[in-house]
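Assemble chain B onto chain A, guided by the hints.
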Amino acid sequence: MKHSAKLPGIKNFLGVPLIFLLVWILNSQDPIKQNEILYLSLWFGIFFGAILQKSRFCFYCISRDFIEKKNALGLIGIIVSLAIGTLGYHVIFGAFLTDPSFPNLPPNAHISPVSIVLIIGSFSFGIGMAIAGSCISAQLYRLGEGLVSSLPSIIGIILGFILAFKTWNYFYLNFTYNAPVIWFPHYLGYTGSVILQILIFLFLVLLLFKFHKKTSDKKNYSWWKVKWPTYIGGILIGLIGALAFLRITPLGVTAEIGNIARTTSEYFNIAPGRLEGLDTLRGCFTAVKNIFWTNNGLFIFGLVMGSFVSAVFSEDFRIQIPSFVEIRNSFVGGIFMGFGAMIALGCTVGNLLSGIMAASLSGWVFLIFCSIGLYLGWYLKKNFLN
Amino acid sequence: MKIINKIAVLITFLFTTQIAFAQSNFLVSTDWLAKNIKNQNVKIIEVSVSPGLYERGHIEGAVNFKWHTDLVDTVNRDIISKDKLEKLLINSGVNKDSTIILYGDKNNWFAAWAAWIFDIYGIENVKLLDGGRHKWEAEKKALTPIATKVKPGNIKLTKTNLALRARLSDVVAVANKKSNVALVDIRSAAEYQGKIFAPAGVPELSVRAGHIPGAVNVSWGEAVNKDGTIKSAAELKKIYAAAGVDGSKPIITYCRIGERSSHTWFVLKKVLGYDVKNYDGSWTEYGNSVGNPISNPSGTIWGKI
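Listed in order, the protein sequences are those of chains A and B. My numbering applies: residue 1 is where the first sequence begins, and numbers increase by one. My numbering applies: residue 1001 is where the second sequence begins, and numbers increase by one.
By construction, these hints were calculated from the structure, which means they are not laboratory data. Since the model is a prediction, treat every value here as computed from it, not as a measurement. Be careful, since some hints might not be right.
Unchecked claim - Derived DMTMM-like pairs: lysine to aspartate or glutamate, alpha-carbon spacing no greater than 20 Å straight-line:
| hint | chain 1 | residue 1 | chain 2 | residue 2 |
| --- | --- | --- | --- | --- |
| 1 | B | LYS1066 | B | ASP1105 |
| 2 | B | LYS1149 | A | ASP99 |
| 3 | B | LYS1135 | A | ASP99 |
Same shape as in the complex, but just chain A:
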């Protein structure tokens, strides 16, 4: 791939003043002015979105590259982010909690119970992301690229959340309430936990390389249009994941969508007002919105904005009007994703990234069953849903 020596034009930077204008407007709101954590959430979101866009960190697209083209580089990029995040998290764990023995747990880390509910949720999420064409974080960053079909998907996700609320109490009282919360440092200490995870990552990378087939991209792009390799995105996402955990809360993109779903369902009185035990669990849980500005709300708003700026810079931004089939698939996939993300207490970001980085078994269980669901969803979509 040759990089031309040309410079990008002014139009490539059009998103930048927009971001500063928006940040300035938001920062003139009293709650954000008075709470630097809200302000920081917005900036984390902007950078996260830009990195997702620039390195095409779309869990489904990456998986499809592997399934269809045997290109494993994207999946390896995800593992890179998990490895960097694991190191970062453990360094922070050492500061937050000097004694990792049972039952101590570091605050807010996404270490959630492992039960059949997590398995069902992960599986449903995997099917959904394949049908919809991307997971929730990717729907958000692709919205910033002008992908209009993200909108029906987000509506589907909200509906999926409401469906999940209706089943939550049954799941909680029968399975979740006494399900084990398994955190590797309880058994292995911090060093053992890091070593175990790094060994698994190495094994997975070697396994993926075994299947990997080189694909060559001969197109001659201007350098600003070139996508970063996924592992570059992975390194940066691993760093952002650890920094967000240090300063605010682990990365997650479903809490605010869930809050909106919960507020909606409360308004129309279509789901139980009280979701049993939800407040006692860790992960991306939801609450009825009684404050407008939330960390997660600003984070996902920043994510879409950051992706937009990056997409404009890279000349990736174009309004893409979906066909009926795309709208249908995005919507239906959204329902599966929303349902799965709610009962699993997180998606590919909140569960897979933030769970595995935190050395929680729940993250690994999500990874396994989401992958199985994804493969099934890919198969269904290829054969029946086109």
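The following block gives chain B in isolation, referenced to the frame of chain A:
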């Protein structure tokens, strides 16, 4: 040499007296704490209820006490036992001669609960950081995310002074006019008047609204300035006297679960030196008790649609 020694003694004397008299006996300012942060004799304890707050940034050297599990009995509804508290303090590096500085989020409510518990178990030299975590943060003083490592301390708890704690029977006696005690309800006016069953965002845990008959309403917030620091003794005297609470008879403070009332307990007991008990059963016990009179000026009925 003698002169140098004398000067050294004098300097030490001036320095220590300055520390000792810099503050009232029960409050220290944020500036005082910032200066004494490295003092080996000063043990700082954070009691915040928001998870992750201590870990992401606390005052250097502070240890973390969790109200929900460290300062109450998690099975019986009761305060922490003497043995458990002693163990906790020893593991936190508190010595017999330590000066304990308590601070926390939510206006020091839970830190004040700790101060009340410490007083019950006869721990001396316990002070509250005036203005709490909020003021420390507002002044942009340093916080660290690095957990504090301590060597075990040698504190021994020997006394238990339950005279500082009011029980249901004590307040029932006041309600039935069989006891001459000034009862102070420190909740918001809306809670006191029975308009609401619990403050916004808090679960309604009592099936009756209102207050204990005979109680006067002086909201806890009356006792603090805008920056969260506790008002001067003269101002406080005036505020409570206006509600008929002047220290001429014993006082009982209560709220919903006893944490906000610990704050007023601290103000009345430590700053004004009155005879005060805290009723930790508070409205979630009294408002649910069967057969006891209540006063509900708003006439709200629980469960009525």
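We went through each hint and held it up to the structure:
{"no.": "1", "hint": "B:LYS1066 <-> B:ASP1105", "in the structure": "holds (12 Å)"}
{"no.": "2", "hint": "B:LYS1149 <-> A:ASP99", "in the structure": "holds (10 Å)"}
{"no.": "3", "hint": "B:LYS1135 <-> A:ASP99", "in the structure": "violated (30 Å)"}
When held up to the earlier numbered hints, the structure conflicts with hint 3 and nothing else.
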